[in-house]
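Peer 1: Working from the sequences, and respecting the hints, build out all of it.
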Amino acid sequence: MKLGISSYSLVKALNDGEMTILDVIDLTAAQGGKHIELVPMGYTLTDNPGLIKKIKERVKEVGIEISNYAIGADFLPAAAEAYEQEVERVKKEVDVADALGVKRMRHDVSFKPIQETSIQQFEKDLPRLVEACQRIADYAKKYDIVTSIENHGFYVQASDRIQRLLSSVDRENFKTTLDVGNFLCVDEDPVAAVKKNIKDASMIHIKDFYYRPASAHYLGEGWFQTASGNYLRGAISGHGDTNLYDIIHVIKQSGYDGYISIEFEGMEECRQATKISLNNVQNIWNEI
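Under our numbering, read the sequence shown as residues 970 to 1257, first letter to last.
Please note that the accuracy of each hint is not assured.
[Unchecked claim] Think about it this way: if two alpha-carbon atoms lie no more than 20 Å apart in a straight line, the pair counts; the simulated PhoX-like pairs of lysine-lysine are:
id, residue 1, residue 2
1, K1072, K1022
2, K1029, K971
3, K1025, K1003
4, K1029, K1003
5, K1164, K1221
6, K1072, K1023
7, K1221, K1168
8, K1060, K1111
9, K971, K1244
10, K1060, K1221
11, K1061, K1111
12, K1003, K1164
13, K1060, K1072
14, K1072, K1029
15, K1111, K1072
16, K1110, K1060
17, K1072, K1110
18, K1168, K1072
19, K1072, K1025
20, K1022, K1061
21, K1110, K1061
22, K1003, K1221
23, K1025, K971
24, K1221, K1165
25, K1081, K1093
26, K1061, K1025
27, K1003, K1023
[Unchecked claim] So the derived label-pair ranges between C-beta atoms look like this:
id, residue 1, residue 2, range
28, A1185, E1026, 47 to 53 Å
29, K1093, D985, 39 to 45 Å
30, S1087, M1010, 37 to 43 Å
31, K971, K1093, 38 to 44 Å
32, N1252, E1030, 26 to 32 Å
33, D1064, E1190, 37 to 43 Å
34, S1087, S1184, 22 to 28 Å
35, D1107, G1041, 18 to 24 Å
No lab work stands behind these hints: they were computed from the structure.
Bear in mind the structure is a predicted one, so any value in this text is a computation, not a measurement.
Beta carbons are placed, not taken as given, at the ideal position from N, Cα and C, and that holds for glycine.
Peer 2: Quick look at the structure:
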């Protein structure tokens, strides 16, 4: 197992101009991370060969790896022309992944408001999603890159929907970036969901949430609602209500020996929160 940090964990400092992605790489190494996952928020790598070169030089200097390149995408625009443009755009992001030297790349497929995420709508949209994922996976194959879909965004978030998409795409180099906490967003038990999807994981995110039932009121800032109206707030890994002990036990028992990223999205100061999260997850892994 190689434990590291997603740059998304430091997105507040990146967006506020307090850190650059090179600073995040330095921080990852200083905190004991073995790899960094690049999520281009607060910086951009598209059409930016100079920054790509600097990143590759910096990770080599500090002795860590780049594990994954994770981007957004939406393959359900209204116009057919926009669909083709989006597929071609994501192919260019595959080129960026290759320029970085990574062999894993996550791309989204669509985001919809909760009221438009029914299983009926999913089945209706599935053929377009499958075609786009197949075309991108086939393009990435020449680079020996594994593409993946993450369980987030409400629409393709439940474990069974991930499985449905993976089986329909039917490509050896199309897997899932498995976020252990995100299943809570669609009110699914994370331990059961991880058991379903671990065999198809190319990458794992460890994320924790505080949880409150739908009947809770006056929670203040920082909370959002799940698909069924319960409340979640991002937490330092090990501080929240997600059962990380059982989840990590499932991961370890499965034989997974790849990259695991800390993905922090809570209200605490992000640098300290990331360090605590990293230490907690490493300690849990060693303990079980």
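Peer 1: Take the hints in turn and mark each one as holding or not.
Peer 2: Verification of the supplied hints:
For a cut-off of 20 Å, the pair hint linking K1072 to K1022 stands: about 17 Å separates their Cα positions. For the suggested pair K1029 and K971, the alpha carbons sit about 16 Å apart, so the restraint of at most 20 Å is met. Between the alpha carbons of K1025 and K1003 the distance comes to roughly 15 Å, so the proposed pair stays at or under 20 Å and holds. Only pairs whose Cα atoms come within 20 Å are accepted, and K1029 paired with K1003 is accepted, the gap being roughly 12 Å.
The suggested pairing of K1164 with K1221 holds, with an alpha-carbon distance near 11 Å, which does not exceed 20 Å. Of the supplied pair hints, the one linking K1072 and K1023 holds, its CA atoms being roughly 19 Å apart against a limit of 20 Å. For the hint pairing K1221 with K1168, the CA-to-CA distance comes to about 12 Å; that is within 20 Å, so the pair holds. Between K1060 and K1111 the CA atoms are separated by roughly 12 Å; this keeps the pair inside 20 Å, and the hint holds.
In summary, the hint linking K971 to K1244 is supported, as the alpha carbons are separated by about 15 Å, within the 20 Å threshold. Among the hinted pairs, K1060 with K1221 is inconsistent with the structure: their alpha-carbon atoms are about 33 Å apart, more than 20 Å. Between K1061 and K1111, the direct Cα distance comes to roughly 13 Å. Compliance with the 20 Å bound is thereby established for this hinted pair. The straight-line distance between the Cα atoms of K1003 and K1164 is roughly 25 Å, outside the 20 Å bound, and the hint therefore fails.
Proposed proximity of K1060 and K1072 is supported: the alpha carbons are some 14 Å apart, at most 20 Å. About 16 Å separates the Cα atoms of K1072 and K1029, which keeps this hinted pair within 20 Å; it holds. Between K1111 and K1072, the direct Cα distance comes to roughly 11 Å. Compliance with the 20 Å bound is thereby established for this hinted pair. Only pairs whose Cα atoms come within 20 Å are accepted, and K1110 paired with K1060 is accepted, the gap being roughly 11 Å.
For the given pair, K1072 sits about 10 Å from K1110 by alpha-carbon distance, which is consistent with the 20 Å threshold. Of the supplied pair hints, the one linking K1168 and K1072 holds, its CA atoms being roughly 18 Å apart against a limit of 20 Å. For the given pair, K1072 sits about 14 Å from K1025 by alpha-carbon distance, which is consistent with the 20 Å threshold. Using a Cα cut-off of 20 Å, the hinted pair K1022 and K1061 holds, with the two alpha carbons roughly 17 Å apart.
This hinted pair checks out: K1110 and K1061 have alpha carbons roughly 14 Å apart, not beyond 20 Å. A distance of roughly 18 Å separates the Cα atoms of K1003 and K1221; the hinted pair therefore holds under the 20 Å criterion. Between K1025 and K971 the alpha-carbon distance is near 18 Å, which keeps this suggested pair within the 20 Å criterion. Between K1221 and K1165 the CA atoms are separated by roughly 14 Å; this keeps the pair inside 20 Å, and the hint holds.
Proposed proximity of K1081 and K1093 is supported: the alpha carbons are some 14 Å apart, at most 20 Å. With a C-alpha separation of about 19 Å, the suggested pairing of K1061 with K1025 holds against the 20 Å cut-off. For the hint linking K1003 to K1023, the alpha-carbon distance of about 18 Å falls within 20 Å, and the restraint holds. Distance hint check for A1185 and E1026: the Cβ-Cβ separation is about 48 Å, which falls inside the suggested range of 47 to 53 Å.
Range check, K1093 to D985: Cβ separation about 41 Å, and the 39 to 45 Å hint holds. Between S1087 and M1010 the C-beta distance comes to about 29 Å, which lies outside the given range of 37 to 43 Å. At about 39 Å, the CB distance of K971 to K1093 agrees with the hint of 38 to 44 Å. Checked against the hint of 26 to 32 Å, the pair N1252 and E1030 passes, with Cβ atoms roughly 28 Å apart.
Taken as a hint, the range 37 to 43 Å holds for the pair D1064 and E1190, whose Cβ atoms sit roughly 40 Å apart. Taking 22 to 28 Å as the suggested C-beta distance range, the pair S1087 and S1184 conforms, at roughly 24 Å. Taking the beta carbon of each, D1107 and G1041 are about 21 Å apart, inside 18 to 24 Å as hinted.
When held up to the earlier numbered hints, the structure conflicts with 10, 12, 30 and fits the remainder.
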